[in-house]
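*Asks:* Take a look at the letters that make up each chain.
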Amino acid sequence: MKEFSLIWAINDGWTIFCRNLKHIFRNPESLIVSMALPIILMLLFVYVFGGAIQTSSDYVNYVVPGIIITCVGYGSATTAIGVTQDMKGGFFERLRSMPVHASALLVGHVAGSFVRNMISTILVIFVAWLIGFRPNASLIEWIGVIGMLSLFLLSLSWMAVLFGLLAKNAETASAFTFLPMFLPYVSSAFVPANTMPSWLQAFSENQPMTPFIETLRGMLIGTPIGNNDWLAIIWFGGLLIAAFIMAMFVFKKKFLH
Amino acid sequence: MLTELVNRMISGRRKAMKPIISVRNLKKSYGQQTVLDGLNFDVQKGTIFALLGENGAGKTTTVRILSTLMQQDEGKITIAGFNAVDDPLAVRNIISVTGQYAAVDDLLTGKENLEMMARLYHLNKKSAKYRISELLEQFDLVNAANKSAKTYSGGMRRKLDIAISLLKTPEVIFLDEPTTGLDPRSRRNMWTMIKELADKGTTIFLTTQYLEEAEQLADRIAVINGGKIVADGTAAELKQLIGEEKIILNFSGKAEYHHSLVLIEAIGNEDNLSIEVAADGNPETLRQLLNKLKKHGIVPQKVNFREPNLDDVFMQITGRMEKGVENR
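Each protein sequence line maps, in turn, to chains A and B.
Taken in order, the first sequence gives residues 101 to 357; the numbers are from the numbering used here.
Taken in order, the second sequence gives residues 717 to 1044; the numbers are from the numbering used here.
In case anyone wonders, no lab produced these hints; they're calculated from the structure.
These numbers come from a predicted model, not from an experiment.
For glycine and all other residues, C-beta sits at the position ideal for the given N, C-alpha and C.
Please note that a few of the clues may not be correct.
Claimed, not checked - Footprint (simulated), chain A over chain B, 3 or more residues, beta carbon under 8 Å:
#1 781 to 792
#2 824 to 833
#3 836 to 846
#4 867 to 873
#5 940 to 949
Stated by the list, open to error - As a list, the in silico DSBU-like pairs of lysine-lysine whose alpha-carbon atoms are at most 35 Å apart:
#6 B:Lys842 x B:Lys792
#7 B:Lys827 x A:Lys188
#8 A:Lys188 x B:Lys761
#9 B:Lys792 x A:Lys268
To be verified - FRET-style restraints, in silico, Cβ to Cβ:
#10 B:Gln749 x A:Gly247: 21 to 29 Å
#11 B:Asn771 x A:Ala270: 24 to 32 Å
#12 A:Met346 x B:Gln749: 42 to 50 Å
#13 B:Asn799 x A:Val227: 53 to 61 Å
#14 A:Lys353 x B:Lys916: 31 to 39 Å
#15 A:Lys354 x B:Arg901: 50 to 58 Å
#16 B:Gly797 x A:Lys354: 25 to 33 Å
#17 A:Trp114 x B:Val801: 40 to 48 Å
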């Protein structure tokens, strides 16, 4: 009986995932918007501000990790909005009145979010390559990049799901973009942290984005990583677990009553 | 029309053994505000039951509680023998709910919506395929099946929504204001469809704000007001209570109005000097009424007829209007 319900849970999650995949391709605007902003930002930084910022290598190489997280951030806001719309529209109610596995809706959303963000990330990296981004990562380092990106994507997606569950409406849910929009600025994403005033530097060096960006950058263009990889894994692994547990808790509470 | 209704009522009664839905002393409050104040009613298997009431009377709350989407504060609900609180999953297995806001995925086509839901209902592929084409046919959605639901009209969305809830042939279907916001033609179609469903043996619990709708469809009507069932009976019984039609007499002066009110013992409205009398469709009633007034030298300024509505039910039951007049 237990196995059966597991199979049905996977079936339900997969069904919602397929639906969310269809959403991506039927509503390409949201994908384009979530890519357009980071790309514009990248062009702006590389061609307008970049000349004035002193970094160890070509600025485009320096800035790409930061652009990737901005891109994923925008993409996750779409997830938050999607979750809120399902919760507030009739879809969630309908699922509740059906013998559907409780977590399927969330798992389906996260899986859809993962695919959408991977697509936009790959496209953004491609555009970066066109304007001169030349990573020197080895195969192992590329695998590391994909692993780190996946961890980051998953934890951000679950945070977005939690945010979407708690938001009262789609407008509130879209406020999730603030997080990925502003945190990278006060990290080493666009400018080296040591150029900031000391109090801001302290924040910048101890917030989760910085070790993550430093790790990506190290893997992609060979800057020193230090213990940043572990810090990034602990930060985002912890955030992932916390967001997952909280989202499940909030959802089950709403689902049952 | 009427004979059909009566026939259905009789057959409904005959089938009536043990109610499929039984509600006892159902109570629910949101904070200080009492929404449901001790509801009691039964719904017999295979019948159409209408919960009739104004906005905010507690209709949606009742549907949500009965369909296990919300929990009551007090009271006992049994659906097909299952206790809705102890065994919500068993209840969910045999019911379906269509809320006021269509739960249709806009970016999917009508058919894809059905397919997705069939998978979530864990139907096997073959029977799902058959059932979906059957439902598209039944709900007249074959031509729109491969169009995005975004392009559907209100009536089509509602139909698709109900089609989804019928995928698994539920024993009980809850329809929360199924025709609100529909144009008159779609409303008629919806009525036909609901009757067909009931004819196939599905028990239907619907809510509505329209007396006419309850009358057209329901074997039994419960009138809810302020969280209480204020009347419960067949359409005919309710009609008896409120009369078929109303004759409205308008008077030109206050003196005439008051005099007439004493003579004919009916509900008066002093604001516009009118008196309402229940009519039975017989012209003789009107003649006698006018003769009676004429004898006392009173001729109404205007005589009108109107169909009874939900207000009449409330007025009869609560006597609100009469009291209102007395207080002034």
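*Asks:* Quick check: the stretch 836 to 846 of chain B, covered by chain A? Criterion 3+ residues, Cβ under 8 Å.
*Replies:* Holds: 3 residues of the stretch 836 to 846 of chain B have a Cβ under 8 Å from chain A.
*Asks:* Is 25 to 33 Å respected by the C-beta to C-beta distance linking glycine 797 of chain B and lysine 354 of chain A?
*Replies:* Between glycine 797 of chain B and lysine 354 of chain A, where Cβ atoms are some 28 Å apart, the hint holds.
*Asks:* For the stretch 781 to 792 of chain B, does the count of residues with a C-beta closer than 8 Å to a C-beta of chain A reach 3?
*Replies:* Per the Cβ count (5), the hint holds.
*Asks:* Do the beta carbons of asparagine 771 of chain B and alanine 270 of chain A sit within 24 to 32 Å of each other?
*Replies:* Given about 25 Å between the Cβ atoms, the range holds.
*Asks:* Can you confirm whether chain A covers the stretch 867 to 873 of chain B, using C-beta to C-beta distances below 8 Å and requiring at least three such residues?
*Replies:* Contact hint for the stretch 867 to 873 of chain B vs chain A: violated, 0 residues under 8 Å.
*Asks:* Could you grab the alpha-carbon distance between lysine 842 of chain B and lysine 792 of chain B and see if it respects the 35 Å cut-off?
*Replies:* violated (39 Å)
*Asks:* Please verify whether lysine 188 of chain A and lysine 761 of chain B have alpha carbons no more than 35 Å apart.
*Replies:* holds (32 Å)
*Asks:* Mind taking a look at whether chain A covers the stretch 824 to 833 of chain B? Criterion is 3 or more residues with CB to CB distance under 8 Å.
*Replies:* holds (count 4)
*Asks:* Does the Cβ-Cβ separation between glutamine 749 of chain B and glycine 247 of chain A fall within 21 to 29 Å?
*Replies:* violated (53 Å)
*Asks:* With 42 to 50 Å as the target window, see if methionine 346 of chain A and glutamine 749 of chain B comply at their CB atoms.
*Replies:* Because 30 Å falls outside the window, the suggested range is violated.
*Asks:* Would you mind confirming whether the straight-line C-alpha gap from lysine 792 of chain B to lysine 268 of chain A stays at or under 35 Å?
*Replies:* Cα-Cα ~32 Å, so holds.
*Asks:* Given the range 40 to 48 Å, decide if the beta-carbon distance of tryptophan 114 of chain A to valine 801 of chain B lies inside it.
*Replies:* Roughly 32 Å apart at Cβ, these two residues miss the hinted range, so it is violated.
When held up to the earlier numbered hints, the structure conflicts with 4, 5, 6, 10, 12, 15, 17 and fits the remainder.
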